[in-house]
Amino acid sequence: MTNHCCGPGYASPAEAMTAPREKLLYTIAIYTGTGIQKPDYLCTIDVDPQSSTYSQVISRLQMPGIGDELHHSGWNACSSCHGDASMERKYLIVPGVRSSNLHIVDCGTDPRNPTLFKVIDGAEIKARTNLSAPHTVHCLGSDIIVSMLGDAQGNAPGGYLQLSKEFEIVGRWENSMGSIKFGYDFWYQPRHNVMVSSEWAAPNTFMPGFDLEEVGHLKYGREIHLWDFEKKEPKQTFYLGEDGLIPLEVRFHHNPDSSHGFVGAALSANIIHWWKDAAGDWQWEKIVDVGNEPYPEWPIPIPGVISVILLSMDDRYLYLCNWLHGDIRQYDISDPHNAKLTGQVWMGGLLGRAPEVNGVKVTGGPQMIQLSLDGKRLYVTTSLFSTWDNQFYPEIRTNGGCMLMVNCDTENGGMEIDPLFVVDFGKEPNGPSRCHETRYPGGDCTSDIWV
Amino acid sequence: MTSFTITLANQGGATFDVDRRKPLLQSLREQGVDLPYGCKYGGCITCAAKMISGNVDQKAQRALNNRQINNGYIILCVARPLSDCTLEVGVESHDKLYRNPFLDPLAAHELKADIATPLEDKK
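If you read the sequences in order, they're chains A and B. Counting from 1, position 183 in the first sequence corresponds to residue 182 in numbering that gives the first Met the number 0; the numbering is continuous, with no gaps. Counting from 1, position 119 in the second sequence corresponds to residue 118 in numbering that gives the first Met the number 0; the numbering is continuous, with no gaps.
Read the hints as simulated data drawn from the structure, not as lab findings. Note that CB positions come from ideal geometry on N, CA and C, so glycine has one too. Accuracy of the hints is not assured; some may be wrong.
[As the list claims (entries may be wrong)] Covered stretches of chain B (in silico footprint by chain A; criterion: 3 or more residues with CB under 8 angstroms from a CB of chain A, positions within the stretch not fixed): (1) 52-64; (2) 79-87; (3) 104-111.
[Unchecked claim] A short list of chain A residues far from chain B (calculated; beta carbon distances all over 12 angstroms): (4) Arg-59; (5) Asp-67; (6) Arg-127; (7) Ser-131; (8) Val-169; (9) Tyr-238; (10) Gly-342; (11) Pro-393; (12) Pro-418.
Working from the sequences, and respecting the hints, build out all of it.
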């Protein structure tokens with residue numbers, strides 16, 4: 000298959016899998032909440048095994064101010080714009096969750112040394128849209144939308160900020176939030192005219208840290224929402240209850256004809272699967288249930304806390320991280336109703352199964368992951384969110400986070416931590432920092448959507 | 000009186016005169032104190048400081064639960080002084096701010112104000 004278009008991305012998931020191997024990663028790193036009075040920054044990491052700087056941070060782009068808490072990021076364009084020759088995957092939108100600033104970073108002009116192109120001030124976003132706390136960024140074939148988890152005062156449910164492709168504020172994207180209580184992640188599948196959104200909590204609830212007791216007071220989410228994507232309004236809610244406490248990352252199959260999708264319920268430590276049945280009705284079920292682990296001296300057993308899930312580009316494997324237990328799991332979901340555990344590795348975590356990996360003390364647990372387009376290399380970072388890190392892994396203040404790579408067997412299943420790759424963020428020039436989400440210049444397994 | 004004196008106990012006892020009408024974060028930063036902050040509306044806890052003595056009005060804060068308040072924490076980005084205060088600032092003051100909720104649960108009266116159960120009088 001050849002690329003007949005000159006727009007960004009790939010004609011199909013299958014074509015994406017044949018793309019050249021990634022040579023650079025963009026990973027955010029934070030000082031917010033660490034005691035180091037420096038801005039958060041975007042790291043460029045060399046992942047070309049032939050390079051003399053392999054497995055090292057080769058450039059750092061500081062944000063203009065302190066206290067942003069960089070977290071997730073998204074491209075200005077993806078495969079949804081593949082047919083549009085005027086579009087280019089050049090800019091990474093890097094929000095600050097706490098400041099609400101949106102940093103537009105030019106990664107295209109010099110991919111090894113990204114530069115700051117523009118900042119959309121959080122105060123302007125609040126004033127014009129009454130939204131704060133940006134999280135997930137997806138491009139929509141032209142414009143860009145960002146899930147915003149709060150109103151300007153940090154109350155739920157927030158909404159969706161729409162930006163033009165020139166990074167001007169258009170306004171609120173959604174026509175209605177319906178009865179949605181909270182926002183978090185979202186993914187859309189245009190051939191089914193559907194978007195699915197999940198629920199963390201109000202910024203005023205999750206930002207200061209995690210009070211478990213607030214779950215019982217309904218301060219955290221337990222529902223997911225199916226939207227009429229064209230009408231920009233929610234049309235159906237699944238109440239997941241105890242099976243779906245704190246549903247976070249949302250992933251549809253990459254195959255644009257598929258209606259199957261998945262969400263990781265962090266606190267219940269379950270994977271929820273949804274699909275459209277033969278009658279055209281949407282259904283859901285639980286397909287993975289990670290048990291809580293007792294800890295001798297603690298009154299409450301520890302849940303896995305599934306902080307992220309990800310699907311391989313061929314939709315065959317689902318990966319999840321149990322941030323508090325310390326394991327990454329690989330499931331074969333060729334039959335999405337029957338997930339089969341095919342691989343597992345340990346790094347960090349509270350259970351003490353792998354306190355040190357590749358000579359680095361792993362502080363935190365496996366948290367954000369990004370998979371190569373061919374499905375063979377999974378890059379893993381260990382920090383979740385500054386205040387939550389401080390509660391569960393206080394030593395991260397002095398040790399920093401780290402990035403590891405896991406080699407994935409795409410034929411038979413299975414995972415192994417690569418013994419040669421480690422980026423120790425405890426040794427950063429300005430002091431120990433913490434790494435979170437990663438993107439590849441050519442697109443990755445959580446950025447691209449096909450229309 | 001339009002100003003109060005703020006003493007930073009963990010910055011060598013440095014003192015600053017601050018306007019009682021302004022949030023402490025703003026007043027101290029304007030006088031060159033390098034302090035952490037995030038949201039600047041009282042919701043995210045990044046700027047929390049520990050009050051050793053004094054009184055503040057921090058009605059606008061939404062970040063602290065009652066245990067944190069009982070441990071003396073205040074949210075500098077919205078707290079306005081009601082008296083002279085002595086504070087510990089920065090993450091060095093956060094020793095009691097963060098807690099593993101599985102190891103050390105909150106009692107019902109220690110939750111945030113909007114959901115806390117009032118502590119009943121013991122007979």
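Violated constraints from the hint list, given by number and in increasing order
2, 5, 7, 11
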